[in-house]
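Order-wise, the sequence lines are chains A and B. One point on numbering: in the working numbering, the residue at position 229 of the first sequence is 229, and numbering is uninterrupted. One point on numbering: in the working numbering, the residue at position 89 of the second sequence is 543, and numbering is uninterrupted.
Please note that a few of the clues may not be correct.
Stated by the list, open to error - Simulated restraints, written as ranges between beta carbons of each label pair: (1) Lys460(B) - Tyr387(A): 52 to 58 Å; (2) Gln100(A) - Lys460(B): 35 to 41 Å; (3) Leu462(B) - Ser144(A): 53 to 59 Å; (4) Gly472(B) - Ser144(A): 58 to 64 Å; (5) Ser332(A) - Asp537(B): 50 to 56 Å; (6) Glu413(A) - Leu462(B): 30 to 36 Å; (7) Pro554(B) - Tyr387(A): 21 to 27 Å; (8) Ala490(B) - Pro143(A): 55 to 61 Å; (9) Phe410(A) - Gln538(B): 55 to 61 Å.
Stated by the list, open to error - Over the 10 Å line for every Cβ pair with chain B, so calculated as not near, a few chain A residues: (10) Asn31; (11) Lys52; (12) Ala136; (13) Ile142; (14) Gln176; (15) Arg325; (16) Tyr387; (17) Asp396; (18) Arg409; (19) Gly443.
Claimed, not checked - Mimicking DMTMM-like on lysine to aspartate or glutamate, the simulated pairs with C-alpha atoms at most 20 Å apart in a straight line are: (20) Lys425(A) - Glu463(B); (21) Lys309(A) - Asp87(A); (22) Lys569(B) - Asp478(B); (23) Lys368(A) - Asp9(A); (24) Lys368(A) - Glu565(B); (25) Lys328(A) - Glu413(A); (26) Lys460(B) - Glu366(A); (27) Lys425(A) - Glu438(A); (28) Lys328(A) - Glu415(A); (29) Lys441(A) - Asp335(A); (30) Lys368(A) - Glu459(B); (31) Lys441(A) - Asp475(B); (32) Lys320(A) - Asp9(A); (33) Lys545(B) - Glu565(B); (34) Lys269(A) - Glu242(A).
Derived from the structure by calculation, the hints contain no laboratory data. In this text, a Cβ means the ideal position worked out from N, Cα and C, and glycines have one as well.
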Amino acid sequence: MPKARIYLDNHATTPVDERVLEAMLPYLKENFGNASSGSHAFGWEAEAAVNKARQQVAELIGAEPSEIIFTSGATESNNLALKGAVDYYKAKGNHIVTLQTEHKAVLETCKWLERVRVERMEELKALRLMQLLGRAVHEDEIPSLSQTHALQEDLLLQLWASTVQSGARVSYLPVQQDGRVCLKSFEKALQPSTVVASVGLANSEIGTLQPIDEIGALCRKHGVLFHVDAVQGAGKVPFHVEEASADLVSLSSHKLYGPKGIGALYVRKKPRIRLSPLLHGGGQERGMRSGTLNVPSIVGFGKACEIAKAEQATEATRLKALRERLWKGISSQLDFVSVNASMEHRLPGNLSIAFSFVEGDALMRELKSIAVSTGSACASDSLQPSYVLSALGLGDEVAHCSLRFGLGRFTTEAEIDETIARVTKAVLRLREISVLYEMAKQGVDLKGFQWSQH
Amino acid sequence: MQYSEKILEHFNNPQNVGTLDSADPNVGTGLVGAPACGDVMRLQLKISDAGIIEDARFKTFGCGSAIASSSLVSEWVKGKTLDQAATITNKAVAQELSLPPVKIHCSVLAEDAIKAAIEDFRQKQAVRNGTQTPEANHG
Chain A
1 MPKARIYLDN
11 HATTPVDERV
21 LEAMLPYLKE
31 NFGNASSGSH
41 AFGWEAEAAV
51 NKARQQVAEL
61 IGAEPSEIIF
71 TSGATESNNL
81 ALKGAVDYYK
91 AKGNHIVTLQ
101 TEHKAVLETC
111 KWLERVRVER
121 MEELKALRLM
131 QLLGRAVHED
141 EIPSLSQTHA
151 LQEDLLLQLW
161 ASTVQSGARV
171 SYLPVQQDGR
181 VCLKSFEKAL
191 QPSTVVASVG
201 LANSEIGTLQ
211 PIDEIGALCR
221 KHGVLFHVDA
231 VQGAGKVPFH
241 VEEASADLVS
251 LSSHKLYGPK
261 GIGALYVRKK
271 PRIRLSPLLH
281 GGGQERGMRS
291 GTLNVPSIVG
301 FGKACEIAKA
311 EQATEATRLK
321 ALRERLWKGI
331 SSQLDFVSVN
341 ASMEHRLPGN
351 LSIAFSFVEG
361 DALMRELKSI
371 AVSTGSACAS
381 DSLQPSYVLS
391 ALGLGDEVAH
401 CSLRFGLGRF
411 TTEAEIDETI
421 ARVTKAVLRL
431 REISVLYEMA
441 KQGVDLKGFQ
451 WSQH
Chain B
455 MQYSEKILEH
465 FNNPQNVGTL
475 DSADPNVGTG
485 LVGAPACGDV
495 MRLQLKISDA
505 GIIEDARFKT
515 FGCGSAIASS
525 SLVSEWVKGK
535 TLDQAATITN
545 KAVAQELSLP
555 PVKIHCSVLA
565 EDAIKAAIED
575 FRQKQAVRNG
585 TQTPEANHG
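Okay, chain B solo, but in the shape it has when bound:
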């Protein structure tokens, strides 16, 4: 099957490929998919103290549509708040890239990756806040 122009654009020239330090408390990492299914996506978000996504990086194992979907969402999330980023749907991704029906799962994976990265960040925050609470009590 032929790829759409948009898919090719992102596939040939993917944006925000790379790795952020997953130990950084301001970084949320979402790793979704499985090698046996043919696609694994990792999306990392760097969130400012004001709660804005100031950077995003991805690395993906998968077909051209999966790579394009990752690249697209890594662009879209930048500058958004977590709540705004969480509203990005697979439908919007599929529409933007004109994904053929058999490739819709790639956009689903991209949506899952955003959600997983946000979830990871929030858990980190909760842990940090959790450990801070007793200290606050002491003070």
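Isolated chain A (complex conformation):
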């Protein structure tokens, strides 16, 4: 008999809650109006539904409804927060502080901003060299000519550079072995020219909760805007924009048992934070995000936030107990297993385990109908091990051996017990085949061993 599928990948996405779907249906059918149509009842109904949802989303994080900007999801929210703030506040500076373990939607946005700035600088160098040489300068010549003409010390170029207002410089801060940033080094990284600091509430891979309120206080103290990517944490752990001193907060619906393709950015009104928009058009969402509102999804997102808020405390307790059961079940039957990053400061539904001497992709294949994810390079097309696990400083071999279990609202105790049994069996089988396990059992020092490189 084929075994039923078990879904333990709730950090990737969550199923839509029945109650959410129920709330959405009328807005996919008879209540199809455009929330911007102010002249008739179809529009008014849609607008009222959006207003209600805005209230529900705001309440989840302790915000005012008018501080919620609906977007297409967290990737857009993160882009809008960072690009929007860097552009709007370019007179203040051009520096961003973030963590090495942030989501790609933050890191890649930062990298793009860095590239933009570097390209502008290169253009100015070329221009200055042309001026000095009185001839056209080819791109390839710039590095050597910069040397011979000592552009490093060129005052005019420095003056030009100081006026560059595109892009940003970025500090990517390391985390400690428990996955959290050191507050002292965070404060040190804040410069007078730092416009915004971006830190995730909870990590999507290892579930680590950052000391977000303390970080927010440091940002306030230094006059730096604080952006929180709360995608994984909101609705799962307590989070309040005032306690966190957050100015910008990214949220996603589909991590909260709502529909995909909808998210929000909280933008503080007191004091008022402004952003340059990414999308121009009809001026919806206080001009920060034009585009006809996605009413059914917004309604679903609102409902999802309402449920998450109401059930957060009881659900967190339930998930922690299930996670404890999972970890106890696995660790009591297998040797050489460990939890990645802090167990204390962690999302209730997250467990990231290193199964030493077993490769993660092979383990996932062996588990077949249990949906989990791995930090192993072999499971990714880039063949790069998880940058989050690497940032913990545990070595690439840990990333290769790790599985992420993401428990959620619909995870049952029976599923956890089934998972324990199948994971244990799978690890035992693969360790039978594993040369590393044999060597470890014989007491070989694997760290000190001279491996052949390939």
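Assemble the complex: chain A is given as a structure, and chain B must be docked to it using the hints.
Positioned in the frame of chain A, the structure of chain B alone reads:
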């Protein structure tokens, strides 16, 4: 990505998993790869006095493709002479298992493991012959 049928066959039911006595003069051991790279393969060959590979055993830490590649070559080398075994290429392994491009390195590792095991055996032989030579002179 989906594994091919052939990969699954070897992954689910790997052949010749095990360990031979590496101190045995007739056993050549090849240990290739590194834990930090995500795959380590050990292939051991037992070579008869006539120079035929009469047994092979492997143990591998790695993804399904790495395990399948090991299992496949452990089958292929049996009954071959060392020179014949040395002609097994990663291309043949990749083709047989329909490895996707990102998994080609698994087949490279398998080829390296064969070469390393043969090399180990030949070095052992050389040492043995080396120590035997003075004796032969005495005789």
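Checked hints:
1. At about 32 Å, the CB distance of lysine 460(B) to tyrosine 387(A) disagrees with the hint of 52 to 58 Å.
2. Take glutamine 100(A) and lysine 460(B): their Cβ atoms lie about 39 Å apart, and the range 35 to 41 Å holds.
3. Between leucine 462(B) and serine 144(A) the CB atoms are about 54 Å apart, so this pair conforms to the stated range of 53 to 59 Å.
4. As the Cβ distance of glycine 472(B) to serine 144(A) is approximately 59 Å, the hint placing it in 58 to 64 Å holds.
5. The hinted range of 50 to 56 Å is satisfied by serine 332(A) and aspartate 537(B), whose Cβ atoms lie roughly 51 Å apart.
6. Between glutamate 413(A) and leucine 462(B) the Cβ separation comes to about 32 Å, which falls inside the hinted range of 30 to 36 Å.
7. The hinted window of 21 to 27 Å between proline 554(B) and tyrosine 387(A) holds, with their beta carbons roughly 23 Å apart.
8. Hint check: alanine 490(B) to proline 143(A), Cβ distance near 33 Å, so the stated range 55 to 61 Å is violated.
9. The hinted range of 55 to 61 Å is satisfied by phenylalanine 410(A) and glutamine 538(B), whose Cβ atoms lie roughly 56 Å apart.
10. Even its closest Cβ contact with chain B, about 42 Å, leaves asparagine 31(A) beyond 10 Å, as expected for a residue assigned away from the interface.
11. Every C-beta of chain B lies more than 10 Å from that of lysine 52(A), the closest at about 43 Å, which supports listing it as non-interface.
12. Residue placement check: alanine 136(A) keeps its beta carbon more than 10 Å from all beta carbons of chain B (closest about 42 Å).
13. Distance check for isoleucine 142(A) against chain B: the nearest CB is about 35 Å away, which clears 10 Å, and the non-interface claim stands.
14. Every beta carbon of chain B lies more than 10 Å from that of glutamine 176(A), the smallest distance being close to 21 Å; the non-interface claim holds.
15. At roughly 29 Å from the closest C-beta of chain B, the C-beta of arginine 325(A) stays outside 10 Å, upholding its exclusion from the interface.
16. Distance check on tyrosine 387(A): its Cβ is at least 15 Å (rounded) from any Cβ of chain B, clearing the 10 Å threshold; non-interface status holds.
17. Against the 10 Å criterion, aspartate 396(A) falls within the reach of chain B, whose nearest CB is about 4 Å from its own CB.
18. No beta-carbon of chain B is positioned within 10 Å of the beta-carbon of arginine 409(A); the least distance is around 30 Å.
19. With a cut of 10 Å on Cβ distances, glycine 443(A) stays outside the contact zone with chain B, its closest approach being about 15 Å.
20. At most 20 Å may separate the alpha-carbon atoms for a hinted pair to count; lysine 425(A) and glutamate 463(B) meet this at roughly 19 Å.
21. Taking the CA atoms of lysine 309(A) and aspartate 87(A), the gap is near 34 Å; set against the 20 Å cutoff, the hint is violated.
22. With a CA separation close to 18 Å, the supplied pair lysine 569(B) and aspartate 478(B) stays within the 20 Å bound.
23. With a CA separation close to 13 Å, the supplied pair lysine 368(A) and aspartate 9(A) stays within the 20 Å bound.
24. Of the supplied pair hints, the one linking lysine 368(A) and glutamate 565(B) is violated, its CA atoms being roughly 29 Å apart against a limit of 20 Å.
25. Under the criterion of a C-alpha separation no larger than 20 Å, the hint pairing lysine 328(A) with glutamate 413(A) is consistent with the structure, at around 13 Å.
26. Only pairs whose Cα atoms come within 20 Å are accepted, and lysine 460(B) paired with glutamate 366(A) is accepted, the gap being roughly 15 Å.
27. Between lysine 425(A) and glutamate 438(A), the direct Cα distance comes to roughly 17 Å. Compliance with the 20 Å bound is thereby established for this hinted pair.
28. For the given pair, lysine 328(A) sits about 15 Å from glutamate 415(A) by alpha-carbon distance, which is consistent with the 20 Å threshold.
29. The straight-line distance between the Cα atoms of lysine 441(A) and aspartate 335(A) is roughly 10 Å, inside the 20 Å bound, and the hint therefore holds.
30. In summary, the hint linking lysine 368(A) to glutamate 459(B) is supported, as the alpha carbons are separated by about 15 Å, within the 20 Å threshold.
31. Straight-line distance between C-alpha atoms of lysine 441(A) and aspartate 475(B) comes to about 16 Å, which keeps the hinted pair within the 20 Å bound.
32. Simply put, lysine 320(A) and aspartate 9(A) have alpha-carbon atoms about 16 Å apart, close enough for the 20 Å limit, and the pair holds.
33. Between the alpha carbons of lysine 545(B) and glutamate 565(B) the distance comes to roughly 9 Å, so the proposed pair stays at or under 20 Å and holds.
34. Only pairs whose Cα atoms come within 20 Å are accepted, and lysine 269(A) paired with glutamate 242(A) is accepted, the gap being roughly 12 Å.
Hints 1, 8, 17, 21, 24 from the list above are not met by this structure, while the remaining hints are.
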